[in-house]
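This is what each chain is made of:
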Amino acid sequence: MESIVKNQTVPLTQKKRFSNKRKLKANLVGWLMASPWIIGFLVFTLGPTLGSLEISFTDWNLLSAPNYVGMSNYIKMANDPLIKHSVWVTTYYSVVTVPLHLIIGFLLALFLNRQIKGMTLWRTIYYLPTIISGVAVSLLWKWLFNPDFGVLNDLTGLVFHIGKFDWLGNETLVIPSLILMSLWSVGGSMLIYLAGLQNIPTELYESAQLDGAGGFKQLLYITLPMMTPVLFLNLIMGIISSFQTFTSAFVMTGGGPNHASLFYMLELYFNAFQDFHMGYASAMAWVLFVYILILTLLVFVSGKYWVYYEGGERPA
Amino acid sequence: MNQRQVRFLMDLLSYLVLTTGAVVILIPWVWMLSTALKDNNQVFQIPPVWIPHPFVWNNFWDSMTQPGLPFGLFLSNSVIITVAATVGSLLSSSIVAFAFSRINWTGRNVLFFIVLATMMIPSEITIVPRFIMFKMLGWNDTFLPLIVPAFLGSPFYIFILRQFMLTISMEYDLAAKLDGCNTWSILWKIILPQCVPVFMTVSIFSIQAHWNDFMSPLIYLSSTSNFTATLGLSMFNGEYSTNWTLLMAASIIVMLPILILFAAAQKYFIQGIVTTGLK
Numbered sequence: 659m660e661s662i663v664k665n666q667t668v669p670l671t672q673k674k675r676f677s678n679k680r681k682l683k684a685n686l687v688g689w690l691m692a693s694p695w696i697i698g699f700l701v702f703t704l705g706p707t708l709g710s711l712e713i714s715f716t717d718w719n720l721l722s723a724p725n726y727v728g729m730s731n732y733i734k735m736a737n738d739p740l741i742k743h744s745v746w747v748t749t750y751y752s753v754v755t756v757p758l759h760l761i762i763g764f765l766l767a768l769f770l771n772r773q774i775k776g777m778t779l780w781r782t783i784y785y786l787p788t789i790i791s792g793v794a795v796s797l798l799w800k801w802l803f804n805p806d807f808g809v810l811n812d813l814t815g816l817v818f819h820i821g822k823f824d825w826l827g828n829e830t831l832v833i834p835s836l837i838l839m840s841l842w843s844v845g846g847s848m849l850i851y852l853a854g855l856q857n858i859p860t861e862l863y864e865s866a867q868l869d870g871a872g873g874f875k876q877l878l879y880i881t882l883p884m885m886t887p888v889l890f891l892n893l894i895m896g897i898i899s900s901f902q903t904f905t906s907a908f909v910m911t912g913g914g915p916n917h918a919s920l921f922y923m924l925e926l927y928f929n930a931f932q933d934f935h936m937g938y939a940s941a942m943a944w945v946l947f948v949y950i951l952i953l954t955l956l957v958f959v960s961g962k963y964w965v966y967y968e969g970g971e972r973p974a
Numbered sequence: 021m022n023q024r025q026v027r028f029l030m031d032l033l034s035y036l037v038l039t040t041g042a043v044v045i046l047i048p049w050v051w052m053l054s055t056a057l058k059d060n061n062q063v064f065q066i067p068p069v070w071i072p073h074p075f076v077w078n079n080f081w082d083s084m085t086q087p088g089l090p091f092g093l094f095l096s097n098s099v100i101i102t103v104a105a106t107v108g109s110l111l112s113s114s115i116v117a118f119a120f121s122r123i124n125w126t127g128r129n130v131l132f133f134i135v136l137a138t139m140m141i142p143s144e145i146t147i148v149p150r151f152i153m154f155k156m157l158g159w160n161d162t163f164l165p166l167i168v169p170a171f172l173g174s175p176f177y178i179f180i181l182r183q184f185m186l187t188i189s190m191e192y193d194l195a196a197k198l199d200g201c202n203t204w205s206i207l208w209k210i211i212l213p214q215c216v217p218v219f220m221t222v223s224i225f226s227i228q229a230h231w232n233d234f235m236s237p238l239i240y241l242s243s244t245s246n247f248t249a250t251l252g253l254s255m256f257n258g259e260y261s262t263n264w265t266l267l268m269a270a271s272i273i274v275m276l277p278i279l280i281l282f283a284a285a286q287k288y289f290i291q292g293i294v295t296t297g298l299k
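Sequences listed follow chains A and B, in order.
Heads up: the first sequence begins at 659 in the numbering used here, then just goes up one per residue.
Heads up: the second sequence begins at 21 in the numbering used here, then just goes up one per residue.
The shape of chain A in the complex, shown without the other chains:
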């Protein structure tokens, strides 16, 4: 292309005008083709984000005109026992669920990565629960957890010889039960780690073997360091998604018993769409956003000390 332009004996000024015109056309076409996203960004993301911040300083209830109330929504939140409780519930759930998924998913991937026979079958069985998240899974588990006729009590009785539990109806048990349910879909993270393991160059293991490193040493000095970027990314995504837990609690417990499973998003939903406290709910959303942001930043900072990037550089 360049040579074609060069070989033409076009006067310089005319050539410049020609390329200016082309540049203008490229700009026009580029902006035009990107415009669906630009419009979507302005209308559905930037606008609502700024709007949400503004609403959080009002007492809007959709019935009467909003009044500015300054910081009072945020101050009220700091003294709201239900909100404090829901922060605790959500944090407790996340702090247990995220590492459990990480560890169990990673261990399963390690086992599956040993040139095991029937790979497709294993993959399918483990992955299947993750594709149908949501209401249907919550209903299924509500039935499994049923204190009288659910199969879980039957199995725990059979294996551990312990009495019947009211899994979802007991204040202490309800969160561990929801954590147990979330582990049903551990196959999702397992598959990600499996792909990560298969990306590790085999030469690394071969040279380690020549140096006389055994299986455990290879795991410790090759597999783990090489997997830290994948673990890191999934740790962050896990934190973000577990803090947004909503459907399972809404369908299975409604936040009960006695608010024991009142996840933050559930309390936000109740405030926004049952009580129509739009200002208060917006303030809640911003507090959650900042809370998740701080946690993510902490993980990012910690990553300096434990995440290994090949060539010593972070990928862009």
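Please note: incorrect hints may appear among the correct ones.
[Unchecked claim] Which residues of chain B face chain A? A few of them, derived with a C-beta cut under 7 Å, are:
(1) Thr203
(2) Leu253
(3) Trp264
Think of the hints as simulated: they come from the structure by calculation, not from any bench.
For glycine and all other residues, C-beta sits at the position ideal for the given N, C-alpha and C.
Please build the complex by placing chain B on the supplied structure of chain A, with the hints as guidance.
Chain B only, in chain A's frame:
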């Protein structure tokens, strides 16, 4: 122990762990199917019965025809929303991805940085203002809040499609331009046909997300006749919470389209989850 014995023991351990895990994971599925096929007396039998006797296949039909719960309508609502939103996402996201990967324009890099940044903004921030906005537009209790945003591109799909389009050689565009193609026909005739594998991945993401979506329909839809299948299930749960056979039968029917899709396009599901996790 020598190397071979260690390897053998580790293999044995692997099979043992994987089999135990697989059995534990399969139990809920079997239990769901077994419940869906039982008659009402057997559901409440202690200890629980695993193999229904007789098999009540009629439960599937009955679960769809409960008075006040038009499940056929719910399912068709879900199909309409899922198909429209998926077509919209694919169409808009691929045009935008084309602009971000194959045209050089001023501001492209800054805007693409914003695309990446918006992927980080959690949806809960925008829930309340979006609800108010759609209420003012008179769109609440219609499918529009669930479909229209999809036609304006989704950052994540734009990102995936752009990364893929960057791997297609620019020579194609140049050759097509010399042959007199304009940008629009380069997109439609040259680039999009090569993007089919990544379209599969994006479609699966979108179908799964919209079919399983619960919170958005819950917020925006209020009349029963507009309900999606997931909303219908949750309403079923409230009204017929003791009728577990029908509830499980209905759950299976709602899951079925995604399960069939998975059976047909497993490869793309796996590719999709790997793309999200490794980036």
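Task: Status of the Trp264 of chain B interface restraint (C-beta, 7 Å, chain A) - done: Result: holds, 5 Å to nearest chain A Cβ.
Open item on the list: Given a cut of 7 Å on the nearest C-beta pair, is the interface hint for Leu253 of chain B held or broken against chain A?
Closed with: Status holds, d = 5 Å.
Task: Restraint outcome when Thr203 of chain B is required to lie within 7 Å of chain A by C-beta distance - done: holds (5 Å)
The structure is consistent with each of the numbered hints, conforming to all of them.
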